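Chains as they are written, first to last, in our numbering: chain Y, 516 to 885; chain H, 516 to 885.
By construction, these hints were calculated from the structure, which means they are not laboratory data. Keep in mind that the hints are not guaranteed to be accurate.
Any copy, or any two copies together, can satisfy a pair, since identical chains are not distinguished.
The list that follows gives simulated cross-link-like pairs (lysine to aspartate or glutamate, DMTMM-like), each with its CA atoms no further than 20 Å apart [to be verified]:
| id | residue 1 | residue 2 |
| --- | --- | --- |
| 1 | Lys830 | Asp602 |
| 2 | Lys535 | Glu865 |
| 3 | Lys675 | Glu811 |
| 4 | Lys885 | Glu751 |
| 5 | Lys590 | Glu563 |
| 6 | Lys805 | Asp725 |
Every value quoted in this text rests on a predicted model; they were computed, and no experiment measured them.
Protein chains: 2
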Amino acid sequence: MKIKYTLLKEEKNTKARYGKLETNHGTFETPMFMPVGTLANVKTLTPEELKEINSAVILANTYHLWLRPSADTIKKAGGLHKFMNYDGPILTDSGGFQVFSLAKAKDISEQGVKFKSHINGEPLFLTPELSIEIQNKLDSDIAMSFDECPAASASYEYMKQSVERTIRWAKRGKDVHNNSNQSLFGIVQGGAYQDLRKFSALETVKLDFDGYSVGGVANDGESKEDMYKAIIYSTEYLPKDKPRYLMGVGDPIDIIEGVIRGIDMFDCVLPTRLARHGHAYTRYGNINIKNAKYKEDFTKLEEDCDCYTCKNYTKAYIRHLVVCNESLGGRLLSIHNIRFLIKLTEELREAIKNDTLLEYKEEFINKYKK
Amino acid sequence: MKIKYTLLKEEKNTKARYGKLETNHGTFETPMFMPVGTLANVKTLTPEELKEINSAVILANTYHLWLRPSADTIKKAGGLHKFMNYDGPILTDSGGFQVFSLAKAKDISEQGVKFKSHINGEPLFLTPELSIEIQNKLDSDIAMSFDECPAASASYEYMKQSVERTIRWAKRGKDVHNNSNQSLFGIVQGGAYQDLRKFSALETVKLDFDGYSVGGVANDGESKEDMYKAIIYSTEYLPKDKPRYLMGVGDPIDIIEGVIRGIDMFDCVLPTRLARHGHAYTRYGNINIKNAKYKEDFTKLEEDCDCYTCKNYTKAYIRHLVVCNESLGGRLLSIHNIRFLIKLTEELREAIKNDTLLEYKEEFINKYKK
Numbered sequence: 516m517k518i519k520y521t522l523l524k525e526e527k528n529t530k531a532r533y534g535k536l537e538t539n540h541g542t543f544e545t546p547m548f549m550p551v552g553t554l555a556n557v558k559t560l561t562p563e564e565l566k567e568i569n570s571a572v573i574l575a576n577t578y579h580l581w582l583r584p585s586a587d588t589i590k591k592a593g594g595l596h597k598f599m600n601y602d603g604p605i606l607t608d609s610g611g612f613q614v615f616s617l618a619k620a621k622d623i624s625e626q627g628v629k630f631k632s633h634i635n636g637e638p639l640f641l642t643p644e645l646s647i648e649i650q651n652k653l654d655s656d657i658a659m660s661f662d663e664c665p666a667a668s669a670s671y672e673y674m675k676q677s678v679e680r681t682i683r684w685a686k687r688g689k690d691v692h693n694n695s696n697q698s699l700f701g702i703v704q705g706g707a708y709q710d711l712r713k714f715s716a717l718e719t720v721k722l723d724f725d726g727y728s729v730g731g732v733a734n735d736g737e738s739k740e741d742m743y744k745a746i747i748y749s750t751e752y753l754p755k756d757k758p759r760y761l762m763g764v765g766d767p768i769d770i771i772e773g774v775i776r777g778i779d780m781f782d783c784v785l786p787t788r789l790a791r792h793g794h795a796y797t798r799y800g801n802i803n804i805k806n807a808k809y810k811e812d813f814t815k816l817e818e819d820c821d822c823y824t825c826k827n828y829t830k831a832y833i834r835h836l837v838v839c840n841e842s843l844g845g846r847l848l849s850i851h852n853i854r855f856l857i858k859l860t861e862e863l864r865e866a867i868k869n870d871t872l873l874e875y876k877e878e879f880i881n882k883y884k885k
Numbered sequence: 516m517k518i519k520y521t522l523l524k525e526e527k528n529t530k531a532r533y534g535k536l537e538t539n540h541g542t543f544e545t546p547m548f549m550p551v552g553t554l555a556n557v558k559t560l561t562p563e564e565l566k567e568i569n570s571a572v573i574l575a576n577t578y579h580l581w582l583r584p585s586a587d588t589i590k591k592a593g594g595l596h597k598f599m600n601y602d603g604p605i606l607t608d609s610g611g612f613q614v615f616s617l618a619k620a621k622d623i624s625e626q627g628v629k630f631k632s633h634i635n636g637e638p639l640f641l642t643p644e645l646s647i648e649i650q651n652k653l654d655s656d657i658a659m660s661f662d663e664c665p666a667a668s669a670s671y672e673y674m675k676q677s678v679e680r681t682i683r684w685a686k687r688g689k690d691v692h693n694n695s696n697q698s699l700f701g702i703v704q705g706g707a708y709q710d711l712r713k714f715s716a717l718e719t720v721k722l723d724f725d726g727y728s729v730g731g732v733a734n735d736g737e738s739k740e741d742m743y744k745a746i747i748y749s750t751e752y753l754p755k756d757k758p759r760y761l762m763g764v765g766d767p768i769d770i771i772e773g774v775i776r777g778i779d780m781f782d783c784v785l786p787t788r789l790a791r792h793g794h795a796y797t798r799y800g801n802i803n804i805k806n807a808k809y810k811e812d813f814t815k816l817e818e819d820c821d822c823y824t825c826k827n828y829t830k831a832y833i834r835h836l837v838v839c840n841e842s843l844g845g846r847l848l849s850i851h852n853i854r855f856l857i858k859l860t861e862e863l864r865e866a867i868k869n870d871t872l873l874e875y876k877e878e879f880i881n882k883y884k885k
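Take these sequences, add in the hints, and give me the full structure.
Next up, the structure:
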């Protein structure tokens, strides 16, 4: 079965949508935040811990799993769900983003992308067809089309050619997609150029995907203003009966701004990456737990947070673990940070239902930027 | 309240004892294995995970906690239990072992030991009185006397002087011990010398501690035969109504041999250290999960193991995590390895109750060394 999105309510004063997403691994409400499980695990955490913080879809990385342990090994395990023992929905990216960022691909042709493995320098060649073939084997619930993700600084001319190629790649991927239990999303690119976003959205929608991603935002050097514009330039042309996924965005304020512009799904490595570096989200802005002022601070990260970490541990203890490089510290912060973003989306859904999203945003930002 | 040990049964054919240990944080059966929580956490694990594998007492390191976050910080937190949110019993060592191994103390006098911090080289001075004072502040259930732990290769003359000094240190520590909720153990030293072990045991028992440790075994260069002899040379002179703790031993066969010689409590960093290096205990010997043969081995570490890891994950998945340096891998192996040793002690208790310990040992070793 493919996923099924149902739009349940549009907020009065914004483009925000409250909806539900039915998958082969459960039904969940949107807007939602999806934690990233790069290598078939959300770093330091178990599936049970993700469920306890009401996590729904998680994201896994096609590029990383292709290299280790390989798509064939995961297929032999019975697919990604069985391999990692996660019975909730899984979304896989196309590998494109990692190829362009991590592996620093230089050789892009119509056929695909030549690059070198970030692990051992081995030459590799990823095509739209191969990306889909790998994702078919991983057997995720939602697969992504293989796209080029140009730098925010790319010229109009380059961006135009890239957008056109990404549409051709999307069609090639869709043509070979062969997994009736897996949905496939198209990706809207076009940088900050309004006409390219429109072109990309309209042409991608013509190919009739199960959902649509907005890509190429939150890139190096892009301003927040450009990012928010790029979202609205894209969502404007997307069908209302399909889910919209803003790729790679996990800053709390960006999530709110994305929801206001009609986004349903978000993912980001930030909550777990920040955690490993000792940072915690709080309603009053992010804190660095390594700061000396927390050494004997026996209060919780957030007194009213309902996560396991805040129910059980003090800042002083978490600081001690982080300062001593004990990985339990990063684990406790990961639980809190992911819960923080998931709680945020729960509150956003309530605000959409009550048509109070703009008030919610103002209140949130006033505290968070204090 | 001090701990209370009750000897429930002696095995017919060996010196093994089945007993119970009442503490301010619950009552538990012996023989028991105690996981090590060096820096106020059993690496990668939460208190709930320790309870799930029937862990009872855990051990924390006085030396490490003295340096970070400091005894005063933990006292301000309300003691070690509150600081780390663990409501089971905690045993603290004296810091002696770390001072002699990790910090490589060179300057031992009657007064105490001068050495340098392994973190920043700062000069430090630890005395029997200070060790007890720190442990009083940590507020563990069981504290250890400060002892010298000479190398197995030490001469008879050196070992004799050291044993005599350790007894004087034990008395000095006991004199300043000031925590009515904390029990204090004396430590028997003497290397592989029968008369020194006897002297050390008898003189330490004269000081009337709440329990007795056998120290200075499992040191570099000591043979298994010498180690087993040192245990029996010590336990022979220890009172039957007090618990006996063999420090730093976690090899499964050594635990069995220790139990046969009358030991009630064991601790070791091995299960978690092996886990971090990708090793797992199994009934058929230890395995290195990084071995290529496990890449597509979709069976459990041990099919009949009742731990969370074996109930949920395959060797192929754990191998993938360990190979990719994902700390969840070490976490899953830690759960299994600790459970393995705790299960071993559960089976040893049954064998003592049934007077079948020697048969159990033979069967275990036949499989394990296969």
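We went through each hint and held it up to the structure:
1. Lys830 x Asp602: Between copies only: 19 Å across, 33 Å inside.
2. Lys535 x Glu865: within (13 Å within a copy, 54 Å between copies)
3. Lys675 x Glu811: Cα proximity of lysine 675 and glutamate 811: none, with 56 Å in one copy and 44 Å across.
4. Lys885 x Glu751: neither (33 Å within a copy, 68 Å between copies)
5. Lys590 x Glu563: Result: close neither inside a copy nor across copies, 23 Å intra and 34 Å inter.
6. Lys805 x Asp725: This pair counts as neither: shortest intra-copy Cα distance 44 Å, inter-copy 39 Å.
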